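**Student:** Next come the chains, spelled out residue by residue.
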Amino acid sequence: DTGVSQNPRHKITKRGQNVTFRCDPISEHNRLYWYRQTLGQGPEFLTYFQNEAQLEKSRLLSDRFSAERPKGSFSTLEIQRTEQGDSAMYLCASSLGAGGNTIYFGEGSWLTVV
Amino acid sequence: GENVEQHPSTLSVQEGDSAVIKCTYSDSASNYFPWYKQELGKGPQLIIDIRSNVGEKKDQRIAVTLNKTAKHFSLHITETQPEDSAVYFCAASIRSGNTPLVFGKGTRLSVIA
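For the protein sequence lines, the chains are A and B, in the order given.
Start counting the first sequence at 35; every next residue gets the next number (this note's numbering).
Start counting the second sequence at 1162; every next residue gets the next number (this note's numbering).
Derived by calculation from the structure, the hints in this document are not laboratory data.
There's no promise every hint is true.
What the hints assert, rightly or not - With the Cβ distance kept under 10 Å, some of the chain A side facing chain B (calculated, not the full set):
#	residue
1	T36
2	V53
3	G76
4	P77
5	E90
6	L95
7	D97
8	F99
9	E102
10	N135
Only a predicted model underlies this, so the values are computations on that prediction, with no experimental measurement involved.
In this text, a Cβ means the ideal position worked out from N, Cα and C, and glycines have one as well.
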């Protein structure tokens, strides 16, 4: 257990529904990252926050995706109007400070869109 | 942007043998190279990392080497054990920068008892 907590761990939803995932990072970590991982692939960067500021978004993050970190602590990732292609594991990670410091991943949230 | 290539995609070794996984990266500005181990149904777990001011780092049975000129780095696992079976990912980023980690596609290591 790295200390990064993600909920729910598994979510099955019908196409077109909205889903939200929550991440609680390690308490003193100011950076929080969201990655997406599909079967047989490495994690792909989606977005990251430094405190409450969203500093970068990947082009993978379509308009249907939104992430927030309102108080610089936990974060949510919402996917609106889900599509079957959204089926993946959504990984949250956190670190203390800038790149090059150890990034700790949570156990991930599996999304299946049927 | 950075691109990380990893090979082989699968690797089978006999228990007690060594395993080597290799990665190349494209951005010469990258200077931080972690390796993660991912077991089935779990998130990636950092096992070792190396920064560009060193060429090799060891931690018990695990070692990583870095060749900045050639832009490649490798993971070496000696005396493999069945519990080493997992998917291993290499990654690269610019330390102290704002670039996120870019991962390779992973190597599925099977250690046969």
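**Student:** The structure should be examined with respect to each hint, and the outcome stated for every one.
**Tutor:** For each hint, the structure was consulted:
Hint on A:T36 holds. Least Cβ distance to chain B is approximately 7 Å, under the 10 Å limit. Checking A:V53 against chain B: minimum C-beta separation of about 19 Å lies over 10 Å; hint violated. Interface restraint check for A:G76: the shortest CB-CB distance to chain B comes to about 3 Å, inside 10 Å, so the restraint holds. Given hint, A:P77 at the interface with chain B, holds; its Cβ is 5 Å from that chain's nearest Cβ, closer than 10 Å.
Proximity of A:E90 to chain B holds as hinted, the smallest CB-CB distance being about 7 Å (cut-off 10 Å). Here the hint on A:L95 is broken, as its CB sits about 12 Å from the closest CB of chain B, past 10 Å. Taking 10 Å as the C-beta contact cut-off toward chain B, the hint placing A:D97 at the interface is violated, the least distance being around 20 Å. For the restraint placing A:F99 at the interface with chain B, the shortest Cβ-Cβ distance is roughly 16 Å, beyond the 10 Å limit, so the hint is violated.
Hint on A:E102 is violated. Least Cβ distance to chain B is approximately 18 Å, over the 10 Å limit. Annotation: interface hint on A:N135 holds; nearest CB of chain B at approximately 8 Å, less than 10 Å.
Checked against the numbered hints listed earlier, the structure breaks hints 2, 6, 7, 8 and 9; every other hint is satisfied.
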